[in-house]
Every structure is written in structure tokens, then in C-alpha cells.
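Based on the provided sequences and hints, a complete structural model is requested.
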Amino acid sequence: MSDKIAPRVALSNTLTRLAKKNSNILVLDADLSSSIKTDRFKESLPEQFIEMGIAEQNMIGVAAGLSTLGFIPFASSFAVFASRRVCDQVVTSVAYPKLNVKIIGAYVGLFVGMNGATHQSLEDIAIMRSIPNMIVVEPVDGLETEEVVKFAVNYNGPVYLRIGRDTMPSIVPSDYKFQLGKSIILKEGRDIAIISSGVLLEEVLKATSLIEQKGIKARVINMSSIKPIDEEAIVKAAQEIGKIVTVENHNIIGGLGSAVAEVLTEKCPVRLKRIGVKDVFGKSGTNEEMKKKFGLRAEDITREIMNFVKNS
Amino acid sequence: MINKEKVEKEKLEEMARQIRIKVVQMIGKSGFGHIGGSMSIVELLTVLYFCEMNIDPKNPQWEDRDRFVLSKGHSCPSLYAILTQKGYFPEEVLSTLDTVDSILQCHPDMKICPGIDMSTGALGQGISAAVGIALGAKLKGKKFRTYSIVGDGELAEGQVWEAAMSASKFKLDNLVVILDYNKLTLSGKVPEIMPIEPLYDKWISFGWHVIQINGHSFTQIIDALNEAKSIKEKPTAIIANTIKGKGISFYENQVKSHALTMTPEQVEKALKELHCPPEEIEITLKQMKEAN
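These protein sequences, in sequence, are chains A and B.
When you line the first sequence up against our numbering, it's residues 1 to 312, in that order.
When you line the second sequence up against our numbering, it's residues 1001 to 1292, in that order.
Please keep in mind that the hints were generated in silico from the structure rather than gathered at the bench.
Here are the simulated distance ranges between beta carbons:
{"no.": "1", "chain 1": "A", "residue 1": "Asp88", "chain 2": "B", "residue 2": "Glu1192", "range": "21 to 29 Å"}
{"no.": "2", "chain 1": "B", "residue 1": "Ser1205", "chain 2": "A", "residue 2": "Pro228", "range": "41 to 49 Å"}
{"no.": "3", "chain 1": "A", "residue 1": "Ser284", "chain 2": "B", "residue 2": "Asp1223", "range": "53 to 61 Å"}
{"no.": "4", "chain 1": "B", "residue 1": "Lys1009", "chain 2": "A", "residue 2": "Thr118", "range": "54 to 62 Å"}
{"no.": "5", "chain 1": "A", "residue 1": "Asn156", "chain 2": "B", "residue 2": "Asn1214", "range": "39 to 47 Å"}
{"no.": "6", "chain 1": "B", "residue 1": "Glu1014", "chain 2": "A", "residue 2": "Ser44", "range": "51 to 59 Å"}
Even for Gly, the Cβ is constructed at its ideal location relative to N, Cα and C.
If you want it as C-alpha cells, here you go:
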């Protein structure tokens, strides 16, 4: 795996590699393969690629039917359509019977290549994690995406994979292995704990360098397994550090921040600051414009953290 | 092919009568149920399960079995009754319909009920799963066939037409969709709730082979299923004209028969119309009294 790669590319590469050895792996597409990069899978394995057209609801139902015959279908679309558009199909035809269907929600959160509010998935985690039997994972970089795809193939049941669009530097260590329900510490510190997942971890890591200059050392936790969540790591951070910040590429209602809040409230109440999209719709623009508009640049995160530290 | 010479129609008629009796008993005891749409598909299910489908009740997960998806999942009481007749589970289980720990949920649950190939209940979804199963059979080179019954009110769901388009694209000649065309929905007459005609032309234009029949005629059902097997590279839609509440005079063609509570008097009257033996009627009424 090269150092810099987009999760969507790593997804397609990994699926292609695994599917060459396992003919049960199928990719179902809703006319977005050139965007999600599953067109590369199609070129290599046309027999295992099924074009469903712009009909996501039927795609999920067909995936459910295929899975009853032992296939491992990866039903793929933009995260907005793979979650809110097909919510009832995922609940009734996939999750309720716990069928072995993998749902790829690509182009996540605010960062959807200029497409704007109609294409920005700011509620997909909230939808997916409230569905029984559903696993929700958001890998951060190429290596973690590869690991998560391997997990999804081997796990028997529904998985929602939240897959970023843009190139990411290597974030997880080179010997990284994904474990369901486990997080990893990317950076150690005892003044504040920052829990995040996906693309914003890059800004979070930059922010930790900025706050270090102000004498604050942060523990950075990559919570790629959003459901089940790593309760142990959250409680440990609460006990050892006592101040927690979540940073998410999602509405602060119902996403990672909420999931962490649920654990803290019941297991070890400490102060929590949720950084993310504050219950508003997105906008068209570049990733940098998005980060600025919604206060998610390293300097914005730094400012929020410093205020939080001062006032708690 | 079903060999029509060998089919004993009297036996099928008797089976359909037994199924209807059991549905009345189930819904009577349960206190509530979707009786109208259960009654309209009895003959269709009887032919599918006793003449057409290649299944093994002793091995419900047999991988080469024909598949059945009840897309209009709410009509499962008659399917449950058929499954007991085939031996998937004991007849006594029928009296647990809709109770919390029962394998017979109000809408079919494939995880807990033997013989159910797909969980359904949210309308419009079962047909997509049936397309997925039929497509999977093609991909795996399997010879089994897939059948699905959809409701007429269900045709208002856009997903049905997404599924119809895709079945045609994939040339699924191993898929038969049967429309239970009883012309009534939960709250009214189909043409008033949402017009679905011209149905024949619609399915034709979606690339299907279409057959129109009387859905209570064993001969016509058998002929249609046989014809479907001769069609290559196209899925088949059978438009089965049916009567909602069929077999119970005071429920036939009644909007209210979609889902209802039956009084002991109604249960008694319905069972008498179905020529249920008096001693069995007495037992049913006693059980109803005990349940309430």
C-alpha cells in the first residue's frame, strides 16, 4: 500500500484482489462506479460486477436476495443514497434478517467533491448505528480501508463502510490490523483526549501539534469502529484524562460525538466537547472551503480545544 | 412442467378449503389479522406448494430448492397454513400467530420460521429480493426457479418497477411474479387509491411475458405456470384476478376485510360456510373464549 491513497481507491483495489480469489464477492453499482472507482473492479472482474442503475432501493433488495445464496454483495453508492435513500430497505431486507450484505457509503460527510448539500452525508452514521444488527465502520486511510474491507468479507452479517473520497496520508501504523469494536491511539498525551474517525483525523493531528505549542498534549484515538464502539478506550480516557473532545465529519447529532456521549454518560461522566457540523446543511465548494465554513480546520479545532481546556 | 392429467383437482380444492379454515381459526384466536389478502391467494399458494415448487420440507435450507417470496408479507396466515400442511412445522404452532415468542410473526421472519425464504413486510421490497435470488441462481448456474406474489396496492411502490426493470435487464426467465389482483387495498378501491392500469401493457413495456388468469382457477394457474417455463430470456408476470376475502361471503370484495378482528359469531359463520365440522367449530370457539 502506497503512502498516499484515497480510501475509495483502496476499497476498489482490495475488493478486486479479494474477489479474484473469492467468486462470491460481488460489487453492485448504482451508476457511480467511475466516481467510487469500482470501475476498476468492473474492468478486472466483469462477471462479478452488477450494474443496477440509478435505483438504490432495488439494489439493496437484490443484494439481500443474492446474499441468501452465499454471495457477499457490496452494494455501493454515495453515502447519502446508501443510507437515507435506502433506510427502509436496509432495515427490513438486510438488517432484520441479518443478511450478509455490505453497504458502501462513499463520498462522506462534507467532502463530496463540490457536490453540495444534496450529496453531503451528515446523517448516515446516525441512521446506520440506530439499526439493530448493523456494523458501522469508517476507515481513515488506505491501509485501514484495506483492513476494513478484509474484515467485511470475513464477517457474516451487514456492515456499513463509510469510505472517503480524497487522498489521505498514512495515518495508521504499517503493522495495523483492524479489530471490530477496537480503536487505536495514534498519539499519546494526558491533557486532553480527542476521539475522531475518517478524513478529519488529518486536521486533528495537525491541531495536536498546534496545541502542543501551547503546552497541551493530546491523546488522539482513531475510533474507526463506530458500532460497536470501543467503550473500554472511551472509559479509560475519561478516567485517565477527564476531558474529551470528539471531531466528526457529520452532524454532531447522532454521530460519533453522540455515540461517545452515550458511553460517557452511563459509564464515566466527564466533560465532553463535540466538534462537527452543528445541525445545519452543507454547501458546495472545495474541501478547504468546507473546513473553513464549518470550523473544521486544524486552527479551528485548536481554538475550540483551547477554549474547552480553559473553561473546564 | 405440471402434468395436468395427474393433478387431482378435488384434492387441491379440499386443500384450499382446509387452508381457509385454518386461516379463520388463526385470525379468530389471534384476535386480529389480514384475512382478505390471505384468502385471495389460497389457490395460488396451493398450486405453488402442492404442484409446482421443488422443495423439501425436511430440509428447508436445501440449496437447490425453488424459492418463494411473499412480497405482500401481510398475507402470511395462508402461507403459514400451507407450510404446516407441507410439514415445515407442527399445526399446533398456527395458534401462536402474532404472539411475541412465536415463529409466526405478523409478517414473515426468515430467521425463525422454517420454509420462509425471505423476510418481508415493507411493501415493494420482496420482489427485489426475488430478483436477487433469481439473478444469483443464474450466476451460480442453478436450475431452481423463484416465485413471488405481489399485491395490487403494492404496485404503487416505485421499487416494484425498479425491480421489474432489473429482472428484464438480467433476462430472468427463472423468475415468476404473480400479482394478486383483488382490486382492494387497506383503505379503498385500487383505482381510487392509485390507478395501476393498464397493467398488462405496463408489464409488457417493462419487458416481461404477461399472462392473465382467474387466480382461483386451478386449471388456469397450472396452465400459466407451465407457460412461464416455456418462456426464455424474459421474466413472467401472472396477473391473477382474485377476490379479496374469497370463501367467506361477508368478507368477499369488502374493503374492511383487509385486516380485522373477528367476533366468535363471525368465526362460526365463516367456518360453517367453509364446511368445517361442527365439533371443530366448537373447539375453535372454546379456544377463542379462553384466549380472551
